[in-house]
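Enquirer: Listed below, chain by chain, are the residues.
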Amino acid sequence: MRYALSLILPGLGHIFAGFYGRAAIFLGATLLNGGVLGLAVARGRLVWLAQGVSARMYKSYWFSSVILVALLGLLWLGALWDLYRLGRRPEQVGQSYWNLVGRRFRKDPKGLLGAGIILVMLYLALFAPFFARDDPLKMDLYNVRSPPSAEHPFGTDHFGRDILDRVIYGSRTALGIGAVATLLNMVLGGVLGLLGGFYRGATDAVIMRFLEIINSIPFLLFALLAVSIFGSSIPILIIVLGIFGLQPARIIRSEVLSVREEDYILAAKALGVGTWRLIFRHVFPNAIASLLVTTTMSIGVNIIVVAGLSYLGFGVKPPTPDWGAMLGDAQEFFRTAWWMAVFPGLFIMITVFGFNILGDSLRDVMDPRLK
Amino acid sequence: MRKIGLLLLAVGVLGLLSLGQEPRYGGTLVIGSSQTFKDLDPRICNDVYSMYVINAVFDELLSLDPDTLKPAPYVAKSWEISEDGAEITFYLHEGIKFHNGEPLTAEDVAFTFNWIADPANASPNQTEFEWLQEVVVIDDYTVKFITKPDWAPYAPALLGENYAIVPKDTVLEMGDEEFNLNPVGSGPFKFVEWKRGDHITVVRNEDYWLTKPYLEKIIFRPIPNLATMMLELETGGIDIADNVPAQDAKRFMENPDLGVVVQQIPSLSYFYLGFNMSKPPGNDIRFRKAVYMSFDTTAAVDAVFQNLTGLRAYGAVPPALWANDREFLKTIALSEDDEQAKALFDELKAEGVIPPGYKAVIYCPPDPRRVQISTVVATNLIENGIDAEVQPLEWGPYLDLLYRSEEKPEGEYDMYVIGWSGSPDPNAFLYYLFTSENATVGTANNFSFYMNERVDTLIKYAGTTLDPDIREPLYVAAQRIIFKDIVHIPLYHYIETRGVRTRVHDYRVSPTAAMDIVSPFNNVWVEEG
Amino acid sequence: MLAYTIRRFLQMFIVLFGLSVLIFVMLKMTPGDPAVIMAGLGATPETIQAIREKLGLDRPLPEQYWRLISGLFNGQIRAVTYHTSVWGIIFERLPATVELGIFALIIALLVSIPAGLLSAIYRNSPLDYGVTTVALLGISTPVFWTALMLMLILGVVFRVLPISGRGETIGVWSFVTWDGFRHLIIPSLALSSVLMAMNARLTRASMLEVMRQEYIKTARAKGLREWVVIVKHAFRNAMAPVLTNVGLQISTIFAGAVLTETTTAWPGMGRLMVEAINRRDEAVVLGLALFLAATAQVGYLIVDLMYAWIDPRITYD
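First to last, the sequence lines map onto chains A, B and C.
Numbering-wise (our numbering), the first sequence opens with residue 1 and increments by one.
Numbering-wise (our numbering), the second sequence opens with residue 372 and increments by one.
Numbering-wise (our numbering), the third sequence opens with residue 901 and increments by one.
To be clear, the hints were calculated from the coordinates, so they are not data collected in a lab.
Small disclaimer: the values here were computed from a predicted structure and weren't measured.
For every residue, glycine included, the Cβ atom is placed at its ideal position computed from N, Cα and C.
It is possible that part of the hints are untrue.
[As the list claims (entries may be wrong)] Derived Cβ-Cβ restraints for the label pairs, each shown as a range:
(1) C:1006 with A:201: 37 to 45 angstroms
(2) C:1122 with A:258: 33 to 41 angstroms
(3) B:718 with A:76: 44 to 52 angstroms
With the rest of the complex left out, here is chain A:
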């Protein structure tokens, strides 16, 4: 019965089974995504409904539509699986470290606010074409720098482009660069940290010196050089940021070093268990808390850095919508068209703020000493 209900709407099954907390989460998620779907359908922007769109917008619609459908699918399956799991071993649920963290997190208003902000921005980025009212590149040269109005809630920029739409699409660039660069930090840093901690000796020394070189180069000098060599494309920005934020390497390395000496590892080794397996089993769970905190914060930092590069003229190329570039362009008009600066500026601030308070809160709730 609960499965049938869950098939109708994720979360209904949970209510039936008495897991109200989880029910609320599933129902909320369904409602949110359903709302996005409704908006997309109402605007005729779901790719299968859209007609007469240019190839470029079609691609954008397609991306968002597929993501939305995939998300909804996941939600349905997830609810079923969760119910199944709850039904099998209800006694285990709510006992792990992660459940503890989750409970603590739910009580922390900072973290919830941060997560909320990020969720909103994430949705804006993923479903930009559903939220935006028009093509963010569309210019109206006869209606430049018009102040906020009913037609253009955030006003228009120096080309008569709608700032609201550009801000919505700009979230893609900001979050995309921020997130992918941070992912690169994790992968590169993770590999270096593992190698260094695991082999020690010469390998470690070389890796540590390399990290020191990277750490001591003035970042902007490196970034400006790299951008003048390869041009200021988004992949280049991501690579530059990816190389520079290698803090994960240190975290993982120290974790590997300390785990190596633990008694249970030595015991396991004596039993002939592969060292690599041990490392993966024990290092990552231990390191994940600090990694998560660093990552969250570094996405925020990366967004700010890209804004700074755009300001110096080394950022995202026009006409791609980007908050930093918008803010840079707006500077010249800041006495005559405040709306050009205020809105992208607010979005940068709110997003970075969101990542920072989430990181802050994660540090608090994941600290194992704070029981």
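Assemble chains B and C onto chain A, guided by the hints.
Expert: Just chains B and C now, with coordinates in the frame of chain A:
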């Protein structure tokens, strides 16, 4: 729009006259420059910003009459051009002294120009003296410029090039680098100090030969950020801003109580979008046509310059000069027609002239105006089915991109936005930008590599005479061919726009972007405070 | 400890060597032949060739590298586009940036330590949230924007401060003059906004850490008054990591300085760096990179040594 520019200028001048105050001696003038200063040695200085300081510290051989745009006497009190144009003789003012007491003689003039023209010295200004064979000293106050044989006919046109004169003995004694840091000239102001990145100070030359400068001191401040510069201008932190963006110009005009007069004059400049005609797709006229028809040039120029600081261009020769043929060229300019542009692009794609997955990159310098215009073009190309983006490049890499070497004889660009400013003669625009002599590997200003024998002949033949009645139809004919071929999409002529605080008097913006504080035509003074 | 320090210095040289090679390679990969750039628009091949020879750009790369590096050490190499020696131009710009950085840091510490302290003492109170929010907004606003707003408010609306530049009297001690000091306020306030947040959060975290320690509990149990506990016992111990961390902020300060200096027309090294890269003045770029890296390295070393000095349990071998 041009009318607007001239009107504003008139208003500015009237504003200055109507005050009717007596000039006074003393006071400090602070000038804001939108770029950092690089060189103070006039022989190697090739940026207009450092020229502000050089204009104050040095004297030029000739000056430019701001009304007629014709060469006028300065250090040279008169000159003669030989019948065949091969020799120009200058007669110098006597009794001019450099700031260290060294007299200015024909020796110094010869030294200055021979040094620039010698390729071994690697002066960036050498290109502009390609025509110069040698400068010969006749006597202490007479000097003769001898042109290279091929160049003889151009000599009169070349008179527009102004270069300041350096003291030979002092330079030899100090060495080039030291002189660049501590320049000694004969101009109205003496160099005092150069606090790099912050300011340059010059003080009045009490013994100036031409007249006694009213100002006691001038401070030149580089302020790279335009928004900051506007704040400084508004609060009186600086008295003159060398660049005022259109929206701020409007604000100052609408609020006279801010105490800033906006002075404008159409400059002798031409900004354009060029195609690389050495390879596809730029060498196909249908492509050039389709790009032209993809966007509304007038609307783009109006939006970027707000009908204030830029004038839509139809041809290369600025409307302030003769032979501009503006009215006719207007009739052959293409207007936006997306349907036809799309059809042409589809045709080119089908033929493979535009390869699949082609991305049109529009290169431009980091100047916000050109980035903005390029952005309009790129956006419209995207809308017409050609993926496009704008790549702003710093001047260094940009010049390198446009520079053709043996390794990249075809160039690695398809479209570029750049500008050209020249001396007040149509030849300065047409010869450099469109003749095949300027399209060779190694050196080029004709970055499009446009090569058309008829155009070459017309322009070269027009250069062989001084008679404007003969030259004009030739230049007109050449331009009609060029712009029917759509070598460039003409974008705009910049209107030089400067912000001047009301306490400053007798300042006049120049169409050549110079910063004349004391010259044969003016002597700036400031009110107290 | 001495052996450790010596070893660190040796390592530092290895790091600097690696860095110099890296930067050199990047400079050589950068499109834009320095000779073409210096020659300017439409230069003849002869001019370009002459400049190339003058700068030794026609030589093989290892030779060019050696020329640059040895030139940097013996002071022979010239900053071509500045007409002086490389160190001459770097040290000319250094005081402005140091002055800016130190003032920004002082302002940041003056504001952030009390703020961090308060939010640690009143943990999870509205005061804590308020301080955290303001601090985070500080990091979340791009520094060039903060600078612009400060100029507008203090310079235009209230007209109490000059907007940009470093004033007329310039030298190493520019800030002791009234004029120099007034010019310093806006840039250093802007730059401090970045550092403030970082230090406030660090103070807060460090205080919370210390307050959990046994000796604080002991002190409380002894019946000492709360403020005595906080000021005498907790605060002093909590400051150590905050102050030592300053050494690690050198890179951040410099990155912020690049943007601040551009906006406020401050004649420091940050602008020199952007300028030198645009002018392809290879010697200056390399010199600056090495100088800044060496500074950062020394900063890290000092931090490590200070940790050992403060906390006798830490030893280096």
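Enquirer: Now tell me if each hint is right for this structure.
Expert: Against the structure, the hints:
1. C:1006 with A:201: 37 to 45 angstroms: About 43 angstroms separates the Cβ atoms of residue 1006 of chain C and residue 201 of chain A, which means 37 to 45 angstroms holds.
2. C:1122 with A:258: 33 to 41 angstroms: Holds: the Cβ-Cβ distance is about 35 angstroms, inside 33 to 41 angstroms.
3. B:718 with A:76: 44 to 52 angstroms: holds (49 angstroms)
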